[in-house]
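Trainee: One-letter residues, chain by chain:
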Amino acid sequence: MDTIGKRISEYRKKKNLKQDELAEMLGVSPQAVSKWENDLSCPDISLLPELSRILGVSIDELVAGKKEESAVTLLPEEQRKDLEKMMIRIVVDSNDGDHVRVNLPVMLVKIAIDTGMSLPQVAGNEVMKNIDFAQIFRMIEQGVIGNLVEVESADGNTVKVFVE
Amino acid sequence: MKIDIKTDEGKRIFFWFPTRLLLNRLTAWIAVTFINKENKDSGNPKLTVRQFMPLVKEIHRQRRRRDEKWVLVDVKSASGEKVRIIL
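As you go down the protein sequences, you meet chains R and Y in turn. The numbers in my numbering rise by one with no breaks, and the one at position 77 of the first sequence is 77. Heads up: take any position in the second sequence, counting from 1, add 1000, and you land on my numbering.
Chain R extracted, bound-state conformation:
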């Protein structure tokens, strides 16, 4: 899979899509998809977000063949950052197109947990109700960083919790 065309073809087959089905989803002709897959042309840049979404891969992976690095990393003790300098980033994408990003220092979350607060108390997001921030904090203390939580609700809301 060393060309973008080969990757499109491979990922399309994995999704059990025919060329004309993919073409219809993207609003292009089946011949265009055929040309992409035979490396005779490339998809327009404006189609890449939708193409990557349909094929279920990142744009990076589609264009450059780069697999996303492991979302979660366990750092050895000598590489761990001071908790004081770490941030928890909460990303909420709602199904109606709203995007919310909240950046909280780890120590602030620790105090909130110690206080007895849970995030639904302030966020009011149903998806977040089952996220155990005390458990996340214990993982951070053990040196785990990265995309620790990713929840997608039935109605299409997604919540991600990154630690860096």
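Some clues are possibly wrong.
DMTMM-like mimics (lysine to aspartate or glutamate), calculated; alpha carbons at most 25 angstroms apart, straight line [to be verified]: (1) R:K160 - R:D93; (2) R:K85 - R:E150; (3) Y:K1082 - R:D44; (4) Y:K1069 - R:E84; (5) Y:K1011 - R:D96; (6) R:K85 - Y:D1074; (7) R:K13 - R:D60; (8) R:K14 - R:E50; (9) R:K160 - Y:E1038; (10) R:K81 - R:D44; (11) R:K110 - Y:E1009; (12) R:K13 - R:E50; (13) Y:K1076 - R:E150; (14) Y:K1082 - R:D98; (15) R:K160 - Y:E1009; (16) Y:K1076 - R:E152; (17) R:K13 - R:E84; (18) Y:K1082 - R:D96; (19) Y:K1076 - R:D155; (20) R:K110 - R:D155; (21) Y:K1076 - R:D98; (22) Y:K1040 - R:D114; (23) R:K85 - Y:E1058; (24) R:K85 - R:D60; (25) R:K160 - Y:E1081; (26) R:K14 - R:E84; (27) Y:K1069 - R:E50; (28) R:K15 - R:E152; (29) R:K160 - R:D96; (30) Y:K1076 - R:D60; (31) Y:K1057 - Y:D1074.
Partial list, derived from the structure: chain Y residues whose beta carbon lies under 8 angstroms from chain R [stated by the list, open to error]: (32) E1058; (33) H1060; (34) W1070.
The set of hints was computed from the structure by calculation and includes no laboratory data. Since this is a predicted model, take the numbers as computed values, not measurements. Yeah, the Cβ is synthetic: ideal placement off N, Cα and C, and Gly gets one too.
Using the hints provided, position chain Y relative to the given structure of chain R.
Mentor: This is chain Y only, laid out in the frame that chain R set:
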């Protein structure tokens, strides 16, 4: 604290408030009252101002410690409005 609002029509509204004025015992009491009201039926134990104040103090401490801007909240609505709260 800076609050930066961009409307979907392209208008920009920018507020700046001294964080000390916004985050103090009085506003902590307002926040605690609001949180407790919202969670009346949730079964969560009620918060008190005394429990909440360490959180306020930590916000001030973290703000002092951070050289770069701390973007606390960044919201983009589907209609194109943007709201950023920077500490």
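Trainee: Does Y:E1058 hold up as a contact with chain R if the rule is Cβ-Cβ below 8 angstroms?
Mentor: 5 angstroms, holds
Trainee: Given the hint that R:K85 pairs with R:E150, does the C-alpha gap stay at or below 25 angstroms?
Mentor: Roughly 23 angstroms between the alpha carbons, so the hint for R:K85 and R:E150 holds.
Trainee: Verify the proposed pairing of Y:K1082 with R:D96, using a straight-line Cα cut of 25 angstroms.
Mentor: Cα-Cα ~15 angstroms, so holds.
Trainee: Could you grab the alpha-carbon distance between Y:K1011 and R:D96 and see if it respects the 25 angstroms cut-off?
Mentor: 23 angstroms, holds
Trainee: For the pair we were handed, Y:K1082 and R:D44, check the Cα-Cα distance against 25 angstroms.
Mentor: 29 angstroms, violated
Trainee: Given the hinted pair R:K14 and R:E50, is their Cα-Cα distance within 25 angstroms?
Mentor: With Cα atoms ~17 angstroms apart, R:K14 and R:E50 stay inside 25 angstroms; holds.
Trainee: Given the hint that Y:K1076 pairs with R:D98, does the C-alpha gap stay at or below 25 angstroms?
Mentor: 6 angstroms, holds
Trainee: Min Cβ distance, Y:H1060 to chain R: is it shorter than 8 angstroms?
Mentor: 11 angstroms, violated
Trainee: Run the distance test for Y:K1076 versus R:D60: straight-line Cα separation, threshold 25 angstroms.
Mentor: Holds - the C-alpha atoms of R:D60 and Y:K1076 are around 24 angstroms apart, at most 25 angstroms.
Trainee: Need the status of pair Y:K1040, R:D114: alpha-carbon distance at most 25 angstroms?
Mentor: 20 angstroms, holds
Trainee: Are the Cα positions of R:K85 and Y:E1058 separated by 25 angstroms at most?
Mentor: It holds: about 13 angstroms lies between the C-alpha atoms, which stays within 25 angstroms.
Trainee: R:K110 and Y:E1009: Cα distance at most 25 angstroms?
Mentor: 40 angstroms, violated
Of the hints listed earlier, those the structure fails to meet are numbers 3, 10, 11, 15, 17, 20, 24, 26, 27 and 33, in rising order.
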